[in-house]
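Colleague: Here are the chains, one letter per residue:
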Amino acid sequence: QVTLRESGPALVKPTQTLTLTCSFSGFSLSTGGMCVSWIRQPPGKALEWLARIDWDDDEYYSAYLKTRLTISKDTSKKQVVLTMTNMDPVDTATYYCVRTVGSGWLLDYWGQGTLVTVSS
Amino acid sequence: QSVLTQPPSASGTPGQRVTISCSGSSSNIGSNNVNWYQQLPGTAPKLLIYSNNQRPPGVPDRFSGSKSGTSASLAISGLQSEDEADYYCGAWDDSLKGYVFGTGSKVTVL
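So the sequences go chain by chain: D and G. With the working numbering as the guide, the letters of the first sequence map in order to residues 1 to 120. With the working numbering as the guide, the letters of the second sequence map in order to residues 1 to 110.
Honestly, the hints are just simulated from the structure, not real lab data. Bear in mind that the values here come from a model prediction, so they are computed numbers and not experimental data. Glycine is no exception: its CB is placed at the ideal position from the N, C-alpha and C atoms.
Listed next, the in silico DSS-like pairs over lysine-lysine satisfying Cα-Cα at most 27 Å (straight line): (1) D:K66 with G:K46; (2) G:K46 with D:K77; (3) D:K77 with D:K66; (4) D:K73 with G:K46; (5) D:K45 with G:K46; (6) D:K45 with G:K106; (7) G:K46 with G:K106; (8) D:K73 with G:K97; (9) D:K66 with D:K78; (10) G:K97 with D:K66; (11) D:K66 with D:K45; (12) D:K13 with D:K45; (13) G:K97 with G:K46; (14) D:K13 with D:K66; (15) D:K78 with G:K46; (16) G:K67 with G:K106; (17) D:K13 with D:K73; (18) G:K67 with G:K97; (19) G:K46 with G:K67; (20) D:K45 with G:K67; (21) G:K97 with D:K45.
Now the in silico label distances, taken between C-beta atoms and shown as ranges: (22) D:D57 with G:S21: 33 to 41 Å; (23) D:S25 with G:P57: 13 to 21 Å; (24) G:S21 with D:A10: 32 to 40 Å; (25) G:G42 with D:V101: 23 to 31 Å; (26) G:S66 with D:D88: 38 to 46 Å.
Let the sequences and hints guide you as you build the complete structure.
Modeller: Below you can see the structure in the form of structure tokens.
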């Protein structure tokens, strides 16, 4: 079955760079149409899409955050990594790794999420 | 930054029908498919409706979706207590070249 799991620091200081890793199983990022997205949700607030990487290495970024984000993949390790620079307290959120299927943007399998708090 | 607008809340008694709207623009809902997600308290969201009106396997047929112009709707018929959750719409935005979510709607079963 398809599973995704996020890992990374629970606490980062302002101005630091956040690195999150998504480890997945049950599908391959070399299969046509398969993609992985990162989505975040500040406490008590709405979902916000951050970035997506595709089976063919295409990358998509939120227009609001693109200067701070980098997404990459290691197909053989079944991992996707998201880095976000210059962290700020407003970036405190639960970060989700999500399997995304093709042009229909089916966010069909979600990780459990990891809470990242930005504080000095 | 939520580009799609939803009512903050909706409610109904068990067995009633509840609808949630999602308002967008020509660059998102007007030209792309809409998906809906259900987020039960303390859990990750789950895909509920895709391509405007399609249900993934395992989603009860009490849930239905529709789209007209630059708006979409999610309907829950025969409301049940386990439907208490937050619901989000989502769609690709051609102008932003990114995926956008709605503001979210909390459904309460009275």
